[in-house]
Every structure is written in C-alpha cells, then in structure tokens.
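Participant: Going down the list, the protein sequences come from chains S and W. The numbering used here puts the last residue of the first sequence at 1056; the count rises by one with no breaks. The numbering used here puts the last residue of the second sequence at 1056; the count rises by one with no breaks.
The hints are simulated quantities; they were obtained by calculation from the structure and are not laboratory data. Watch out, some of these pointers could steer you wrong.
No copy labels: a pair is met if it fits in one copy or bridges any two.
[To be verified] Below are the DSS-like pairs computed for lysine-lysine, each with C-alpha atoms no more than 25 Å apart in a straight line: (1) Lys-912 / Lys-931; (2) Lys-777 / Lys-791; (3) Lys-909 / Lys-931; (4) Lys-977 / Lys-1026; (5) Lys-918 / Lys-771; (6) Lys-912 / Lys-777; (7) Lys-977 / Lys-771; (8) Lys-912 / Lys-780; (9) Lys-791 / Lys-1026; (10) Lys-1040 / Lys-909; (11) Lys-918 / Lys-884; (12) Lys-931 / Lys-918; (13) Lys-771 / Lys-948; (14) Lys-1040 / Lys-991; (15) Lys-884 / Lys-991; (16) Lys-777 / Lys-909; (17) Lys-991 / Lys-931; (18) Lys-884 / Lys-1026; (19) Lys-791 / Lys-973.
2 protein chains.
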Amino acid sequence: MCEKQEKGKMKVVETIKEMKEMSNRLSFEGKSVGLVPTMGALHEGHLSLVRASVNENDVTIVSIFVNPMQFGQGEDFDQYPRTLQEDMEKLLPLNTDVVFAPAMDIIYPEGFNTHIEVRKLSDKLCGAFRPVHFGGVATVVTKLFNITKPAKAYFGLKDYQQTLIIKKMVKDLNMDVEVITCPTIREKDGLAMSSRNKYLTSEERKDALLINKALTKVKRGIEEGSISTDKASEKLREILCTGSHITDIQYASAYDPETLEEINGKSFVGRSILLAIALKAGKTRLIDNISVNLNR
Amino acid sequence: MCEKQEKGKMKVVETIKEMKEMSNRLSFEGKSVGLVPTMGALHEGHLSLVRASVNENDVTIVSIFVNPMQFGQGEDFDQYPRTLQEDMEKLLPLNTDVVFAPAMDIIYPEGFNTHIEVRKLSDKLCGAFRPVHFGGVATVVTKLFNITKPAKAYFGLKDYQQTLIIKKMVKDLNMDVEVITCPTIREKDGLAMSSRNKYLTSEERKDALLINKALTKVKRGIEEGSISTDKASEKLREILCTGSHITDIQYASAYDPETLEEINGKSFVGRSILLAIALKAGKTRLIDNISVNLNR
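Produce the entire structure from the sequences given, and follow the hints as far as they go.
Facilitator: This is the structure we're talking about:
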C-alpha cells in the first residue's frame, strides 16, 4: 500500500470516499477534471488519451478497474491482464495526477443491483455478440462519472460503438460531462492497439493484420469509387478469409456512423460511413473500424 | 408564458439549459438545493415535502412533470390531472424558489433511449403489477438530479417502494444526493392523500377508507400480539373484502421493509415490518402502507 500510495506527484486512490472527497475539493477550487476510464493493461492507445486529458484539464484522473459487469459468461474476465505496477510506471511520466484503482467490492458491493441500458445502439454490432457488455460499460462509466466528476472524459475510437453509447447516455441522462474521442492508435504494422493483443500467438498476430489491411483497402476503394458501399461486406470478408487463423468473423461491413445500421445501398454521399470489423483470431476477439468520408 | 414566468419570487423554468445554468450558479455560490420531484396535481402530501425542503435548504426546486415512462400501457397517463396553475398557487406561499416544469419533449426528445433499472426491488409489490413503472421513475429521477443537482431530494413514504428504489439507485450509482423521506399525509378520515383520489366516486371513496382501517387495525393487532405476522395478509383481506367497490386486491400483506419480501412466519422481533396494500377501488388504483414496530 505505502509503496504505491505516492509516486512522485501521482496519487493512488482506492476508495470511493477518498476519491469523492478529492473531486469535491477540486470542484470547490474550480479545477477542471479530465477522466480517462481504463481497465488497465495500458498501451499507447490509453496513453494518448491521458496526454490529451493532461493537456486540456487542471487535473487528470485515470481509473483502472477491470469491470466484471461488461464481461459475459465465458468471456475473458479472469485472464484479462492485470498489470497495475507497470501501468503506474507508464502513467507517472505523463503527469497523471491521480490513479483511481478500486477493488471489485468497492465498485460492486454485495447487493449491487442497478443497471443502465442504452437501448437500440447497444444491440448492434458488438452488442449482438456481447449482450451484457454495453450495459456493464454504461453502468460503470456512470459510477466513475459520479465519483470523479469530470468536465471531460476520454475514450478511444477503436471502441467506436462504446463512444457512441456513452455519448448517447450522457445526452439522455443530462450528465455534465463532455465526451472526448481520440483516434485509434496502431502498431507500426497497422494492428490497432488493444490489451487483448497480448493473447495472440505470432501466427494469429500475422493474420490479425488483415483487419487493418481490409479496412484501409476497402476504404480506399469506396473513396475512389471502385467499391460501392453495398459491396463493402463482401470485399472485407474476401480479404479477412485469407487468414487461416481467423476463426469467426462476427461482423464486417459498412455502417451508418450514428445508428450503426448496416448500409445497404443507401446513399451516404456528403456524409461519412463506418467500416467496422469484429472477429476472432484463434480464440482472441479483436475489433477495429475506420471512417470513410464520402464528401465527393 | 409571461404570466407564469415570475410569481412573487418564485421562478418558473421550462428548459433544461436554463435549469442547469441556475443549478450550476447555485452550486458555484455554495447554495444548497433541495429538490421535490412531483407530477403536479399537488396535495398536502407534496406540500409537506416542500415545507421540509424549504426548511433545510437554501433553495427549493419543485419539479412538475407527468412522466410518461413510468406509466404502463392502459394506465392513466392521459387522464392524470394536470393543474399547473393551481399547483403554482399552492407553491408560492411556501417560499418555493423554483418550479421546474418542462414539456414532455424537453425531457424525452426524439430518440431518447436510456433506461435505468434497479433490479429485484423493482419486481416486488407494485412492480409485479406495473413492470415498467420503477424503471421510468429511476430514469426520470436521475435526469432531474443531473439537471437540478440537489443536495437533498424529498419523497413521501406513501410511495414506500419508490423511496427504497431511489435510495438503492443513489447508493449503487454513487450519486451525491441525500434522499429524505417524509411521512404519509392523510385526509382527516385517514385516506392517504394521492392525486388519484380525484378519480374516486363518493361510494368508492367510502370503501377506500378500508385501506387505512385495515392497516391500522392489523398493525395494532401485531403490536399487541393478538395477530401473528403470518396472518397479516388474511386479516387485511378480511377487512378489505367488506368493501363492495374494492375490485382487485393486488397485494396486502406484511413485508420485510428492506427487501420487500413477504414475511411468512420469519422472526422480525426487534425490527420493524411493513404492512402494504395495493388495490383498485372501482377503476382507480390506490396504495398505502404503514410501519409496524416489533421492538417488544
């Protein structure tokens, strides 16, 4: 405890009471709080959010909490990487002010029973395959907002659907938080950074590169006019299917970036569309997406 | 609009933007806000909440909004009494500071889709007969909390289950609101005040008195030891059934005041129990409850 309580100027908070006292004090002092909610196992994607927050707010709080409510039965909650010490070493040089790292029973004490659901948006794409996922995300994010009282909260666009759902929840429930989205950060070879990339064997990782390859190739095709949007799914799958370790393509197509409805020949000229993919490489579920601009 | 914009010092606010600006300003000035959420058609029950709030806070906001989300299909949303002008005349002499009276599409703009659910507690008692009710209550109360930022919010114990659900939601979601419950206010003849009493014919109203009669008689019996708690339901129903306009007894029994589980011979010595009733007098649904102290 002592060891991690203070690291330079970075404070580690483990209880809701202490975190609330701090956020109330900051609010009283007129200091703006930026929140970066994470499940730890931090990579450059997370760190880009932290940098944005440090840049735009008086105080940056990074929460680290592997949220059981957003994992379904048979998903990887138990094996999800927990690397608190390394995470803190990555956060310290970025001038993170506070790491909020509560234990599970602090966030979900016995008898916890309140659930937030953003309907419609939560049923689409990942939601169709992970039925409890976005309800768990919405619920824990609301708790984190109430505990840390951020003016701004930062989310990466790799989890595009998540950003859309959180924005919708904030709007619907009249929360006083500005949801800031930041670009997907990729490895040099194009693979979108994800804490789950650690699960991949080197063979699986090679095939995982097909995701970004498919997205960028079909994006270019659509923008150049050589691929029509209603052929997007077919073209994405053609590329993905060349990977022998791609075991389950859950979705791969062109979607309305606001409703997440699949685009079937509808006119999107003058707007943007979303190409999005979820699949399994071996047993590891990976997602990625890219925005296609049809302003031509 | 002009006519109701200012009544003495009482301000009427109709938009979320204006209400939020005001509550943010009050918060900045360090003034405590008390919120009394209502659906209008105000009676002495509501006014007792307003008096409590005025007494305990710098500023009292009374919200008046007939919340469609808490009415099920076939319930009385359309005919629910709307008496804004009379309501304001009742609120003015109590030194109410603000009436927040938004239109429906202000609270639920097109595409609204976020829902809060307090599981388990919401399935019991009234929830078993009104499956969407408490989700609608939890959702609108969350919105009102986010819009008005109260330090304290006031609810009447006539809606006992509602108070329990809101307290649970506040705890589970780490909201910064103290939920204050106030006693049920009754007519001189014992009928619990309710905006729905207006629906009753004089014959139905006579029979409705059996509710309080049953509750007080069985309470006395239990406290004196002449009625055992597992006979509570039978004894309540015996009395209620003497009313020819009592058409549907939805529940009438003794319950654990924390879990709302029916008490079936369990020992509650040293604790309190809840006697609660829901029934229809004619077509009008009425509820009431009373606390029984077993400290003997």
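Participant: Which of the listed hints are broken here?
Facilitator: 5, 7, 9, 10, 13, 17 and 19
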